[in-house]
Structures are given as C-alpha cells and as structure tokens.
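Asker: Here the protein sequences come in this chain order: A and B.
Here the first sequence stands for residues 1 to 320, numbered as in the numbering used here.
Here the second sequence stands for residues 1 to 260, numbered as in the numbering used here.
It is worth saying that the hints were derived from the structure and are not from the lab.
Warning: the hint list may mix true and false statements.
[Stated by the list, open to error] Listed below are the simulated DSS-like cross-link pairs for lysine-lysine, each with C-alpha atoms no more than 25 Å apart in a straight line:
1. A/K178 x B/K44
2. B/K97 x A/K314
3. B/K44 x A/K158
4. A/K158 x B/K97
5. A/K178 x A/K158
6. A/K158 x A/K284
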Amino acid sequence: MGRGKGRSVTTPAPTLPSPKSEAFGGGVLKGRRGRGLDRRSTFLILYLPPLIWLGLFFLIPILLMAAFSFRADTYGALFENWNLGLNQYATVVATGSYWRLLAVSSLMALVISISAVALSYPLSYFLAFHAGKRAGLYLVLLLVPFWTSYLLRVMAWKIMLGTDGVINSLLMYTGVIKEPLEALLYNRSAVILTLIYVWIPFAALPILAALQRIEWTLFEAAADLGARPYHQFMRITLPLSLPGVLAAFFMVFIPTIGEYVTPLLVGGSRGFMYGNIIQDFFTKAANWPLGSALSMIMLAATLILVFIATRLIKLEDLLQ
Amino acid sequence: MSNRRAPFPLSLYYFSIIAFLYLPIAVLFLFSINTNTTFSFPLKGLTLDWYQKLFQADAVLRAARNSLIVASGSSFAATLLGIMVSILMMRYQFRSKTLLLGLAALPLIVPYVVLGVALLLLFSVLHVDRSLLTVGIAHTVVALPYTLLIIASRLAGFDASIEEAAMDLGADYPTTLRRVVLPLILPAIVSAWLTAFTVSFDEFALALFLAGTQPTFPVYLFSQLRFANRLPIMIALAVLLMIGTLTLVFIAERFRRRET
Chain A
1 MGRGKGRSVT TPAPTLPSPK SEAFGGGVLK GRRGRGLDRR STFLILYLPP
51 LIWLGLFFLI PILLMAAFSF RADTYGALFE NWNLGLNQYA TVVATGSYWR
101 LLAVSSLMAL VISISAVALS YPLSYFLAFH AGKRAGLYLV LLLVPFWTSY
151 LLRVMAWKIM LGTDGVINSL LMYTGVIKEP LEALLYNRSA VILTLIYVWI
201 PFAALPILAA LQRIEWTLFE AAADLGARPY HQFMRITLPL SLPGVLAAFF
251 MVFIPTIGEY VTPLLVGGSR GFMYGNIIQD FFTKAANWPL GSALSMIMLA
301 ATLILVFIAT RLIKLEDLLQ
Chain B
1 MSNRRAPFPL SLYYFSIIAF LYLPIAVLFL FSINTNTTFS FPLKGLTLDW
51 YQKLFQADAV LRAARNSLIV ASGSSFAATL LGIMVSILMM RYQFRSKTLL
101 LGLAALPLIV PYVVLGVALL LLFSVLHVDR SLLTVGIAHT VVALPYTLLI
151 IASRLAGFDA SIEEAAMDLG ADYPTTLRRV VLPLILPAIV SAWLTAFTVS
201 FDEFALALFL AGTQPTFPVY LFSQLRFANR LPIMIALAVL LMIGTLTLVF
251 IAERFRRRET
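Build the full structure now, drawing on both the sequences and the hints.
Answerer: Structure below.
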C-alpha cells in the first residue's frame, strides 16, 4: 500500500506565507479593476471541486460507515431496514477475541516501530555526522529499497521465508538442517520481521532531519567545556534529535496498527492483525454493520494516537 | 565529536543494514532469471524465458494496462486538486480553510483498510459497480496529501509580490495564475504528478476492496500468488515494473530538487 510513501529525500515542508503574502491573501487586491474574473470568483472555481470531491469520496463514506455501525441488523441496503441500535458495539465489547486482537496488533505495532526507530537511528547518525561528502549518495542507497514497490518487498519475504523458500533451501543445501523449518512463515514473527524491514528507511528520514538541524557550535562549545563524546551525545545529540525520533515512531506506529496486507501475505491465520477482521467482515463474512463498528473503533484509536502525537511533537520543530 | 571520520563499526553497521535491505530485492531479481519454478537453492540454471513468456500472457498485460489507466487518471486528478488546494492554502484567507486542509490531509492518517471499506460501502449503496474508476477515485483521495504538500511548499518558496506586479500591470487573477503562478510552480507540478502516479501504481490495500472484475496489477499479482508455476512470470513482470517505478521516482526527485 502506498502508505507513508512521501518518496522525498527530505520531507518538503510548507512554511508559513510571509506577512506580505498574508496581506495579499487578505484581500488587498480584491475585486481590483473589475476586469475578467476577480479573486472572489476564482476562489469558487478553486474551492468547489476539491470540497465536493473530498466530501463525496472521503467525508461521506466515513459518515456512512459511522451510520452503518449503529444499525442493529445486518442488512446492506441504504434505505431499508434501518433499526438503530448499539448492538454492533455491544457485540464488539462482548467478544473478547476482538479486543485481544486489537491489543496484539497494538503490541506488534509497538515492537515494530521501536525496532525500526532503534535500527535506523545509527543510520541517520552516520549520514548526518560521519558520511562526509558521500552522504547524499549513501542516502539514495538507503532510499532505493523504500521506493521499490511495497507489495514486492513483502512478496520477497514470502519467498525468503517459505517452507521451500530461500532460507530453508540454503540451510538444507549447506547441511545446517535436515528438515525445512516450518516456523519461518505464516506467524506473527514473520509479520514483525517484514514490517521492520519495510519501515527502516522511512524511519531514518525524520531522525536524519532532526540530526541535521543540530548546530555544530553546540558540540564545539561542549568540547571546549570538557564534555566527552559520550556526554555530548547524551546531553546534546539525543535530546535535540528527540522530536525526530518521536515523529519516526508515530509515522511507523500509526500505519502499522491498521495493517492488513502484510499479515495477509506472510502472516497467515496465525499472524492475523485487527485490520484483517475488518477485511473479513466486508468480504467473506459480509456483516457490514459489525465491520463498520470495528472500523470506527480502529479509526477512533488512530485519531487518538494522532492527537497524542501532535501534543508530543511540535509541528514547527519538524517543518523548519 | 569534532572528529568527522566514520568510526569503523558505524560504517560497518550502515552497510550491513544496506545489504539487508537489498537482499530480498536481489533474491527476487535472481529468481526472475532462474530456470526452476521453485525458489530454492541451488539454482538449476539461468534463463530469460520468463520475460519472454510475460509478453505472451494476456491477463498479465491487461492487468498492467489497467494499472496504467488508473495511475494516469488518478494522478492527473490528484495533481489538479492539489494545485487548487495549494493556491487556496497559500494565497487566500477564508473561514472554512482549516476544514478544507484537514479534509485534504486526513487521508494520510486514516488506515487504508478503513478508507477502503468505507468507499466499498458508499459505492455499493449507490449501486456503482466496482471498476477501474472506483479504484482511481480512491487513489485520488490518498494521493492528494502528497501532491498538496509538494506544490504548497513550492508556492511558499516565492513571494506573492510577483503576482501583485502582474495584476498591477492589468492582468486579472485567473490570467495571473495561468501566466505567472503556474509556470513558476511547474517543476513541483511535475514532481507531484509523478509521485501521485507511483503512489497509485503499486497501491494494493484499497484496490483489493474496489477493483471488482478488472484487477490492477498488484491485485492480479496477489491473486496469482497461489499458483506456483505462474510465479516466475509474475516476478519477471514485478522486476520490470520495479525498474519503471524507480525511474519515475528518480525523475520526480530531480524535478523536486530543481525547486530550490
């Protein structure tokens, strides 16, 4: 899924318009000369298409899903059999396995995002402070796998981990094992491994951006005052790169908790995540109201996470 | 810390991770030229047969063509909407601005499984059959945050006084946009379009819900994974598409870099 693929080396950051353009936008020239279309009619031409598009294909579908989640029955028609009720939510609350799966998915997302951040921090550190002139080249080297199709990278792991896959056949060929290891594919570990692999280059980007913003004079001052490299790292580098670390954490955690494709490919039934039960209720099981209720819970969890993230990270810190 | 030379373990670590990142991709490539249909060592021999068979497989080419259609259409729409919202964001003040920007940026954080089933719900209650169009609509929604971000940062990069000058010289606002603003943000538009194209081209999570009987390439690839003997052909195609996507991404980066 294209999720998280800004595909840009450094995140392009919209800076705030200058005071001058604010004044301009504020309508200093509004209606000027009255020739042709003025700014106000242009406004409507620019404003209506995106609003209608996003309203119709983003806002309404989600509101519709919210409405469906309050249907007591499991009918699919829009205008018939509307019995409002909290049945679906009651079912969700009463079914322990849904909560367990949500908890397991959150835990998996936590393990994946912490691992991806921890593994990519030294990568960013190397690029920011020790790669010298070649930093640009090394960064591209890191990003090429990230630019490669997500589905293909996940598929590659399926081929790597399978019973007659690359790792097993290589181990048997070299005589390390006699029987293929069954435990490599179709479980939670395979999902975790694959997703850490997928996210490493992505997690490195915000950390790199934070490290690159640190002023060199700080290190010089610290060295002049006698701070050893270890203390310089603990007192300067780490605290100042923390916004980047947090951003990386949330940029991995939020999409991962809603994952369903990777479990589908390498997880099998033992590696299912919360997203997979939503998918099941909309495809195989065809219980849309219950699926909608499960989706609303997922959406609420995601929005709460985003809210926490924006509290912890000042956006301006990242955009500079 | 004043010592900028790479300490050996750190560079060793960097290149080990790089090797780890490239390994599965290399394996994929290797098996696209492997004689055997199973993915196991030792390799029996090397062949380009799979690439040849690829161009004789109608369904594969149809799926690739479907993806091309969806990606072209959705990237065009997403870029157009991105231009509109960027100009509104950077050059206008209005009451519902936060609402519009929120709506445009929110698809970035809504889980794809949620958006996918919500759109599935919408199209089925409206009795719209699932098709390439429904996939394209979904891709437009998720590509918009990217095109918006790329174009808006370019718009922020130059001063609005250029527009004032154009209007002082008698141009109305649409003319100013067409003759002054659009040429200036052209590199960003190209970059945004290419980004939206690649986002759509290998998007799977939404397409799986919305593709119906016309699979896009990722959906088709997924449906073929069960058939072991077809896999090498799929991987051959995957390798070709990977090269295509990477080329587009590099061109997009070129255009984005030109901005500054």
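Asker: With reference to the structure, classify each hint as holding or not holding.
Answerer: Outcome of the hint check:
no., hint, result
1, A/K178 x B/K44, "holds, 21 Å"
2, B/K97 x A/K314, "holds, 21 Å"
3, B/K44 x A/K158, "holds, 21 Å"
4, A/K158 x B/K97, "violated, 45 Å"
5, A/K178 x A/K158, "holds, 21 Å"
6, A/K158 x A/K284, "holds, 24 Å"
Consistency with the previously given hints fails for number 4 only.
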